[in-house]
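Peer 1: Sequence:
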Amino acid sequence: MKTHDSVTILLFNSSQRSLVLVKQFRPAVYASEVERHFPGSLAAVDQDQPRVLPGALPGSVGVTYELCAGLVDQPGLSLEEVACKEAWEECGYHLAPSDLRQVATYKSGVGLTGSSQTMFYAEVTDAHRGGPGGGLAEEGELIEVVHLPLDGAQAFSDSPDVPKTLGVIFGISWFLSCVAPGLGPQ
Numbered sequence: 001m002k003t004h005d006s007v008t009i010l011l012f013n014s015s016q017r018s019l020v021l022v023k024q025f026r027p028a029v030y031a032s033e034v035e036r037h038f039p040g041s042l043a044a045v046d047q048d049q050p051r052v053l054p055g056a057l058p059g060s061v062g063v064t065y066e067l068c069a070g071l072v073d074q075p076g077l078s079l080e081e082v083a084c085k086e087a088w089e090e091c092g093y094h095l096a097p098s099d100l101r102q103v104a105t106y107k108s109g110v111g112l113t114g115s116s117q118t119m120f121y122a123e124v125t126d127a128h129r130g131g132p133g134g135g136l137a138e139e140g141e142l143i144e145v146v147h148l149p150l151d152g153a154q155a156f157s158d159s160p161d162v163p164k165t166l167g168v169i170f171g172i173s174w175f176l177s178c179v180a181p182g183l184g185p186q
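In my numbering, the protein residues as written are 1 to 186.
I should point out that these hints are in silico values taken from the structure, not numbers from a laboratory.
Predicted model, so just to flag it, every value in this text is computed and none were measured.
Keep in mind that the hints are not guaranteed to be accurate.
Claimed, not checked - Now the in silico label distances, taken between C-beta atoms and shown as ranges:
(1) Phe38 - Gly131: 36 to 42 angstroms
(2) His94 - Gln154: 37 to 43 angstroms
(3) Gly76 - Ile169: 29 to 35 angstroms
(4) Ser14 - Pro58: 32 to 38 angstroms
(5) Gly40 - Gly182: 50 to 56 angstroms
Said to hold, decoys possible - Derived lysine-lysine pairs resembling DSS-like cross-links, with alpha carbons at most 30 angstroms apart:
(6) Lys107 - Lys164
(7) Lys164 - Lys2
(8) Lys85 - Lys107
(9) Lys23 - Lys2
(10) Lys2 - Lys85
(11) Lys85 - Lys23
Every residue, glycine too, gets a C-beta built ideally from N, C-alpha and C.
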C-alpha cells in the first residue's frame, strides 16, 4: 500500500479572533453512520441485489470539521510549502513558509497507513485572505471555510455532538494553552 505523509495547519485569524477550520463531507464517515443506524446494511454491497435501507440519512451525517490539511505527494515541495499551498486552496489565505510555526509531528493512521503528520500554526488577518478557498474541484474537494470564535472554541472541542477530527481537538487545546494566554483582551 502506498501512503503519503501529510501536513495540517491551525490558522488563527486575529482580525476576527477566530480559529479557521474547514468543513467537508467524508464518504467513510457517512458509510460508518449508515452502518451504525442500519447494522449490516453495507454487507449487501457485495451481493447481486442491492439492499433497500429502511430509511435514509441526510448527507450532513458525513460532514466533519477539520483543520486545513493536505498530503505530501508532490516531489520537491517542503512540508512548509505544502502547508502554504493547502492554506490557499482550502481556506483562501496567502502564506509564506516563514509565516508557519511547527507545532508537532506525530503518527497518524496508525491502524492503516502508519504515516506521519506535521501540524503547523499560523496567525493570519483578513488582509491575508485573497480568495474564497473551498478546495479544488478537480480533486473532488467541496470545502466550506468556518471561522470558530475563540470564546466558543473550548465548548466546540468538548462537544460530543460536533463531528470533528482529533486534529481539531489537539489544535484547539494547543492554541488555548500555548497561544491564547499571550493574546491581549478583545
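Peer 1: Please go over all the hints and tell whether each is borne out by the structure.
Peer 2: Tested hints:
1. Phe38 - Gly131: 36 to 42 angstroms: holds, 40 angstroms
2. His94 - Gln154: 37 to 43 angstroms: Since His94 and Gln154 have Cβ atoms about 29 angstroms apart, the given range 37 to 43 angstroms is violated.
3. Gly76 - Ile169: 29 to 35 angstroms: Holds: the Cβ-Cβ distance is about 33 angstroms, inside 29 to 35 angstroms.
4. Ser14 - Pro58: 32 to 38 angstroms: holds, 35 angstroms
5. Gly40 - Gly182: 50 to 56 angstroms: Once the Cβ atoms are compared, 52 angstroms apart, the range 50 to 56 angstroms for Gly182 and Gly40 holds.
6. Lys107 - Lys164: Holds. Lys107 to Lys164 sits at ~18 angstroms (cutoff 30 angstroms).
7. Lys164 - Lys2: holds, 26 angstroms
8. Lys85 - Lys107: holds, 22 angstroms
9. Lys23 - Lys2: Within the cut-off at roughly 26 angstroms; holds.
10. Lys2 - Lys85: OK: Lys2 and Lys85 at ~22 angstroms, within 30 angstroms.
11. Lys85 - Lys23: holds, 18 angstroms
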